[in-house]
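J.: Sequence:
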Amino acid sequence: MLQLNVKNETSRLRAVVLGSAVHNGPTPSLEEAYDPKSLEHIKAGTYPIEKDMVAEMDAFNFVFQKYDVKVYRPEMIENYNQIFARDIGFVIDDVFVKSNILPDRERELDAIQYVIDQMDPQKVVRPPEEVHIEGGDVMLWNDHIFIGTYKGSDYKDYITARTNMHGVNFIKELFPNKIVKEFDLVKSKLEARDNALHLDCCFQPVGENKGIIYKRGFREEADYLYLVNLFGKENLFHIEREEMYHMFSNVFSIDKNVVVSEKNFTRLNNWLRANGFTVEEIPYAEIAKQEGLLRCSTLPLIRD
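Numbering-wise, the sequence shown is residues 4 to 307 according to our numbering.
Just so you know, not all the hints are guaranteed correct.
Taking lysine-lysine pairs in the PhoX-like style, the calculated list, with each CA pair at most 25 Å apart, reads [as the list claims (entries may be wrong)]:
# : residue 1 : residue 2
1 : Lys154    : Lys181
2 : Lys184    : Lys266
3 : Lys213    : Lys181
4 : Lys126    : Lys213
5 : Lys10     : Lys126
6 : Lys266    : Lys181
7 : Lys236    : Lys259
8 : Lys292    : Lys54
Keep in mind that the hints were calculated from the coordinates and are not lab data.
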């Protein structure tokens, strides 16, 4: 039986699901693109190829082996994108929540059923149909649960809006003792530089009291200021529009002082090292072309 335990983003990681790029399928058509960044690369003929993405995920897996983390991989489905394990579910405390994801992606959950079968069935939850929620929008910080959402009246028109207020309220009811705070995110169907697909595209805690943040990812300045007041401005690394586009806030913590980051994130990686972090740099720029990065590829199951 898996003893699930995740209370924050940075405690020592013991077990994780890492997505897979094997048999990822052909380049999608323009109509099949789920986000503006993939759309941009499909149009430009620069959409990533399977061989390169497999190599990047192997580098990530190698880091997990180095730190003695138990890694589960999804069962392989032919011609199917299974890279972004974060979208399909998430653990809060000892509860596994299955995401209500885009219908086309339901099979991704089936591919990790062998992992779910190792959990206490009483601790596996599937939200009702009207609840939209994806793991990239759910971020834990001890007593707090931060949730990205989109409050615009045109929510249903945005394929990039993945978590609704039903999702926020569902988590509030499921975890009444937590401080659940939602953040209204900027969305765009056409310009990736103005699209915070999930909360982890514009904010993520690192260490015990620091974070990476993109101010313009929030529709309301009050939401940004909430995090500034909570963490302290001096503890936040502010990223620029182009850095947000390259997914600077989508790194992944293996421990309080160990962060896996993309090797080209020079400014961020220097800041992390200056603040006492060990930075495990890996190549992940090809996967980034699908508007997802390191946090998106992982589904943590057990942390200390």
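J.: Now look at each hint and say whether the structure bears it out.
T.: Hints and how they fare:
Restraint check for Lys154 and Lys181: satisfied, since their Cα atoms lie roughly 22 Å apart, inside the 25 Å limit. Straight-line distance between C-alpha atoms of Lys184 and Lys266 comes to about 32 Å, which puts the hinted pair past the 25 Å bound. Annotation: proposed proximity of Lys213 to Lys181 holds, straight-line Cα distance about 20 Å (limit 25 Å). Among the hinted pairs, Lys126 with Lys213 is inconsistent with the structure: their alpha-carbon atoms are about 31 Å apart, more than 25 Å.
Distance check on the hinted pair: Lys10 and Lys126 sit about 15 Å apart at the alpha-carbon level, within 25 Å; holds. Taking the CA atoms of Lys266 and Lys181, the gap is about 35 Å. The hint is violated against a cut of 25 Å. For the suggested pair Lys236 and Lys259, the alpha carbons sit about 19 Å apart, so the restraint of at most 25 Å is met. Simply put, Lys292 and Lys54 have alpha-carbon atoms about 14 Å apart, close enough for the 25 Å limit, and the pair holds.
Violated hints for the displayed structure, listed by number in ascending order: 2, 4, 6.
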